[in-house]
Amino acid sequence: MQDHRQHNKNEGQDLPPFVKTWKQFYLLLIGWLIFLIVAFYIFTGLTQ
Amino acid sequence: MSGLDWGVLIFTLVVIVSYGMYKSRGAQNIQGYLLASQSSPWYSVCLSVMATQASAITFLAAPGLAFSSGMSFVQFYFGLPLAMIVLCITFVPIFHRLKVYTAYEYLEQRFDLNTRALTAFLFLIQRGLSTGITIYAPSIILSTILDINTTYTTLCIGGIVVAYTVYGGSKAVSYTQMLQMSIIFLGLFAAGIMVVHLLPADIGFGRAISIAGKMGRTNAIDLKFDWNNQYNVWSGLIGGFFLQLSYFGTDQSQVGRYLTGASVSQSRLGLLMNGLVKIPMQFLILLIGVLVFTFYQYNRPPVFFNSFELNKLENSSYQPQLGVLKAEYEKTFQAKQLAVNKLSKALESDNQHVIDQQRTVLQQADEHTKAVRKQVTDLMLKNDKSADINDNNYVFLSFVTRYLPKGLIGLLIAIIFLASMGSTASALNSLASTSVIDIYKRLIDKEAGDQKYLAASRWSTVLWGAVCIAMALYASKIGNLLEAVNILGSYIYGTILGVFLVAFYIRHVNGKAVFYAAVITELIVCICGWQKVVAYLWLNLIGCMLVVLIAMLLQLVFKNPKKTFSQI
Numbered sequence: 001m002q003d004h005r006q007h008n009k010n011e012g013q014d015l016p017p018f019v020k021t022w023k024q025f026y027l028l029l030i031g032w033l034i035f036l037i038v039a040f041y042i043f044t045g046l047t048q
Numbered sequence: 001m002s003g004l005d006w007g008v009l010i011f012t013l014v015v016i017v018s019y020g021m022y023k024s025r026g027a028q029n030i031q032g033y034l035l036a037s038q039s040s041p042w043y044s045v046c047l048s049v050m051a052t053q054a055s056a057i058t059f060l061a062a063p064g065l066a067f068s069s070g071m072s073f074v075q076f077y078f079g080l081p082l083a084m085i086v087l088c089i090t091f092v093p094i095f096h097r098l099k100v101y102t103a104y105e106y107l108e109q110r111f112d113l114n115t116r117a118l119t120a121f122l123f124l125i126q127r128g129l130s131t132g133i134t135i136y137a138p139s140i141i142l143s144t145i146l147d148i149n150t151t152y153t154t155l156c157i158g159g160i161v162v163a164y165t166v167y168g169g170s171k172a173v174s175y176t177q178m179l180q181m182s183i184i185f186l187g188l189f190a191a192g193i194m195v196v197h198l199l200p201a202d203i204g205f206g207r208a209i210s211i212a213g214k215m216g217r218t219n220a221i222d223l224k225f226d227w228n229n230q231y232n233v234w235s236g237l238i239g240g241f242f243l244q245l246s247y248f249g250t251d252q253s254q255v256g257r258y259l260t261g262a263s264v265s266q267s268r269l270g271l272l273m274n275g276l277v278k279i280p281m282q283f284l285i286l287l288i289g290v291l292v293f294t295f296y297q298y299n300r301p302p303v304f305f306n307s308f309e310l311n312k313l314e315n316s317s318y319q320p321q322l323g324v325l326k327a328e329y330e331k332t333f334q335a336k337q338l339a340v341n342k343l344s345k346a347l348e349s350d351n352q353h354v355i356d357q358q359r360t361v362l363q364q365a366d367e368h369t370k371a372v373r374k375q376v377t378d379l380m381l382k383n384d385k386s387a388d389i390n391d392n393n394y395v396f397l398s399f400v401t402r403y404l405p406k407g408l409i410g411l412l413i414a415i416i417f418l419a420s421m422g423s424t425a426s427a428l429n430s431l432a433s434t435s436v437i438d439i440y441k442r443l444i445d446k447e448a449g450d451q452k453y454l455a456a457s458r459w460s461t462v463l464w465g466a467v468c469i470a471m472a473l474y475a476s477k478i479g480n481l482l483e484a485v486n487i488l489g490s491y492i493y494g495t496i497l498g499v500f501l502v503a504f505y506i507r508h509v510n511g512k513a514v515f516y517a518a519v520i521t522e523l524i525v526c527i528c529g530w531q532k533v534v535a536y537l538w539l540n541l542i543g544c545m546l547v548v549l550i551a552m553l554l555q556l557v558f559k560n561p562k563k564t565f566s567q568i
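Protein chains in written order, with our numbering: chain A, 1 to 48; chain B, 1 to 568.
Just so you know, the hints here were simulated from the structure itself, not pulled from any lab data.
Computed from a predicted structure; not experimentally measured.
Don't be surprised by glycine CBs; every beta carbon is placed ideally from N, CA and C.
Keeping only pairs whose Cα atoms sit at most 27 Å apart, straight-line, the calculated BS3-like set for lysine-lysine is: (1) B:342 with B:370; (2) B:278 with B:224; (3) B:99 with A:23; (4) B:512 with B:559; (5) B:312 with B:385; (6) B:278 with A:23; (7) B:331 with B:345; (8) B:374 with B:331; (9) B:278 with A:20.
Here are some chain B residues the structure puts well away from chain A; computed CB gaps all over 10 Å: (10) 117; (11) 160; (12) 189; (13) 200; (14) 308; (15) 310; (16) 337; (17) 381; (18) 530; (19) 532.
Model the full structure from these sequences, guided by the hints.
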């Protein structure tokens, strides 16, 4: 069975422009989750 | 449905299936067939992962849930971004580095053949049965809405999916899912705009949300910890994390999707983007349900949204009682309408006293409406013990078919077909991958050539497609099969996740210990489930924890590890 995997030697090149490392992306995602929970909390409070 | 709607429905399905088959045409090898040649960019991985998770029921049940009990369901997804991070750090790099086709293949490299075969076997049982339900559940709803036989809707959904999945394999699945998700987003956006447009002239988007909020439908966050409350922040973050981790990390229908990524980075990006957009997407779907709720404060909703069950009751000896309940329902609706108008004016003038007063009146009326509906469903059960008394899945489609303009109805019905097809296609592809890679290639014919494995994969997809369609057709004969399959999933998921957690994080445990731990755990979980020791959802956590604990204990007995994590 052949393997046609295109191995990317420099994974950092595939990062989106708004982050420099994967760690930053993970922290961004955690920050986004916290933001959403706070935003939904405010939404719940304001509309009820 | 009008001719235009049928035209839109058929045109949408034909275009998407043709596009998927065209893009996946040409000679393929096994790697191309099962993993789309591992050439997918991150956005394809992201949309494919989302399409696999979002079954038709996701788009039907979520607005219905928001309509009946509010937006608390959004908290169920809070664990998903955290699970995506763990997957990107641990699962994705290991699966890519070891160049596996299936998640279970990795378990042989880490442990032994027995553990791989056991988890692959458990997956095949669970996914094989649940895919039948993935086809059946929307088929029964569509047959009610379109007033055609369930057999036809089942054969239509199942037949189309099997055709393009067999033809194009994983590439066809990915390409169709990309287009499917784009149309699903477009259709839902149009539906949201139309609901606001159909509200009375003086009720805008903000006012509609405020009215629903005063009636308890905008409860997106609940910070109280309560074991009995399914949806709060803590159950979403903790329980949801384990559930999403087991689903994305150990279920081949998802693993097979992100392994199509062109590199570790592309797979990671796809998963992390899924983590970014999934919660807002679910929030917006629930918001549509909230807007439909406000719409029905100005337009009388049916006393029960499943017209098939309601018609059955109307044609029974219980028709006089139903008539009395309908009159009571109408009276309550008129009282509610008066209160809603007063509330709307009070919101405009910001009169807090009247707002509080009308909120109480509306909440009481809402409770009374629920009580009347409960009496109606009681009558349904008296008339027919097997009656389906949960009409959540019918709320949104009932609204669509009654109030949306021609053309858009066809598009939204197409969305239900597409969502069902997307998740079913991934499941069939994963069943074929596991059957061929983990069973056929590993245990039956190790030395066959690439073309033979490719042919085996196609036949395996056909076979699993036939099994799933047969399951879906048979499901209509057994009322509680849906719940039975969910219970079966809880029996299995926890054990498989436990095996993977030991594989990744407990380095000194070897194959023999984890295999026996998985077998013992499966027996304990089956007994717990059979004896109803706990609610079946907890079996996931129990199964996972038991595998980890028993494997560590057995390792003390067996000692002498053959292969450790650091060697892989």
